[in-house]
Amino acid sequence: MPHRTFLWFILPSLAAMILFIFFPIISVVIQSLYVEHEQVVITSENCGPFGCQTETTVDLEATQELRDAQPLGRFNGLGTYVNRGHLATQELATAWAESESLGAFWGQVMNLPFYRALAFTLTYTFVCTPLVLGLGLAIALGVNGLPRVFRGPTIFFSLLPMIVTPLIGSLILFWMIDAEGIIGKSLQVLLDDPELSLKASPTLTWITLIIYGVWSSAPFAFVIFYAGLQTVPGETLEAAMIDGASRWERIRYVVIPHLAPLAVFVTLIQLMDNFKVFEPIVGFSAEASAQSLSWIIYNDLRGDTQRFGSAAATSMLTIIGVAILLSPVLIRTWRDFNRKRV
Amino acid sequence: MTSRMLANECKLRRFDLACLRPRGRVTCGSGHKQIAPLPGVRGQQGDMGTMMTLRLGALSTAFAALAATTAIASCPIESGSIRVLSNEFGALRAVNAAAADCAGEGVEVVLNQTTEHRDLQVAALTPNPAEYTSAVVANSSIVPLMNEGLIRPLDDLIAEYAPDLPKLNQVSVGGNVMAIAFMANAQHLYVRTDILEQVGKEIPTTYEEVLDVLAAIEEAGIMEHPFAMNTKTGWNLGEEFINMYLGHGGEFFKPGTAEVAINNETGLKTLEMLAALNAYANPDFLTFDSNATQALWESGELAVAYMWGSRGGGMLDDEGSTPEVVNNTKLVAAPTVDGGSLPASTLWWDGFTIAKNISDKDAAATFQAMVHGIGPATVEANQSEAVWLSSAYQPGPQAEGVSATAQAGAKPYPMLPYMGLLHTALGNELSAFLQGQESAEQALADVEAAYTEAAREQGFLQ
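Protein chains in written order, with my numbering: chain P, 1 to 342; chain X, 343 to 804.
It is worth saying that the hints were derived from the structure and are not from the lab.
Careful: at least some of the hints might be erroneous.
[Stated by the list, open to error] Just some of the chain P residues that point at chain X, by a computed CB distance under 7 Å:
id, residue
1, F50
2, T57
3, L60
4, A62
5, E65
6, V282
7, G283
8, S285
9, G303
10, T318
All C-beta atoms, glycine included, are put in the ideal place defined by N, C-alpha and C.
From just these sequences and the hints, can you work out the full model?
Next comes the structure, spelled out in structure tokens:
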């Protein structure tokens, strides 16, 4: 396709991307560099059904003047990025200087909200992604081996976890793993531990979230791989069979190499999706034990006071994180592409 | 006493009978259940130095003694627009529905009832004209609206359409009425009298007694996890700290500043008590919100719980539980703690505000409709839905906990511009301590650091 045609072809989508993705990201970058104005507070006598209290309120006129003078707020540079809620450079330096052992230092790092969230986010991403790939491939091979009549219904049921809205799916599981729920109670009986609670310990919560993540994402990998399986060349498989290859050998040496490009695609999407893990944390009320970067952004923007600067900084760090995660895969794809062109 | 003098005096007193009477009339609220005041709470010295007297024998009487006023607000309203944003629960549904009934033909009515109202309100009231003409708020959620100057003073509207509105219902900030409060709420104890009898204990009035009762229940093998409070990480957990800290007589900020002052001995004691109590709670307690604790209570698995008064109606009705639980459920005041005299709880009101960025016509229409919405007809038809701040309210058993807590002198939740930031920091940073993963000192230091950073970003601290 000539470059000119290609440009016209993608123009509508490019325009939409610039308008709805590129510009908002620029806006987020700018917001992350600013913090709110200094607030002018005055003492006031506040009365209500429960009596009067001397409290403070924001002096609207004085604050408005500051706002008119600087509509964006106070310029803070990268200050928000390095404060305690984000990269916490100063806190890290202090912890490094004061900690006597590596373990103590690690404990201090895990006490900082950003690193605590990063630890969970990375664990979730790197455990979920390979499991989703493996499980998706296994389901696809299994379904592909079924007699034709059963395939339709099986595909439908295998897709269910992805069809269910993530929040609803996690809420249903949340109730099932409750100490009074069917899974929670069964585990207590099976393991003979009446105190066992999947929601109480951080480790078990992490495991629960990861299992949920695999359960809900596996159908995505399955559908892609199943589609790929339909294109595996029959001649090659027959040739392998004639050469005496077992079923496992056929999968290992024929099917998997054929599906490899698809696996790269699924890996890319899964890395991105899992790095942005959010719904299960809310659905499972897991905030006490597991926080992710997306959850921190959500938490900043919720409630009585919204912290746009802080949320913007975490958003930028998340984007950088995704870019770092994807770079090995992208570099490889780029190399392959160049090699093929030559 | 002229009514002006009366009004002035009322500013200084809380729950003063004289302030609750309709002007020029004396109504007696007898015939309702009297709740004996706790000893030692009369004439409390308020922390701000204002003498706050508690002349009133019983708050429930006070509710009934409220002015039996009929506001001049006239229904149906002929013109204008009524667009209300509110939280989502039974009492507010009733108020909003009654307000909508007040709209005449051709008057636009929009009701958005959602638990996410706090996240919408600032953005929704900022444009001109605002998306909603009224936001229904509580002590905490009115603050962001005031910080941004998005709600209007109601004094003129009151003078014109509701001159008889009792002082009790008017929430004033620096002399201007900014909201009309119509219901009260607080967290307090729920106890199972049958279980207390089994272990031979009285109804606890201090948290030390609560621990004693819980130990006895566990020892007797009656229940595994007899206690619960709303300790879900986030807003709920932050609220429990705030209540317990006030019970210990703590101050949240250094006087006159936005500098946080919870990292001290009082803070440590507060955390120790929360940990001691939750040792008797189900290990899942960090996921407990009001829905979870109500379900646990109704299933009969709890003997003592610290929950919102607004849940009382639901727990005492004949749905979702057994007669054994319902008949033995009693709502009592929030306990005191550590020898303090104030109950470890905060008082809350729910009320309506009128947006600033709307036409005066819409403001008048909405004000009249909302005054009608909180009127006697709504209250009479929904007695068990809330502790109404209305003369038409007949306090039932579901109001006893809130009444007793208010009467014992609990403080209102602070209406400070930076309180929300502290609340969020508390909600996020305390769970590691309650899970036993870090020390109380570390938890308080974390709260302090998280709050200070947020307050700097928001411009409250330098």
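Any of the earlier hints contradicted here, and which numbers? When the structure is compared with the hints, numbers 4, 5, 6, 7 and 10 turn out to be violated.
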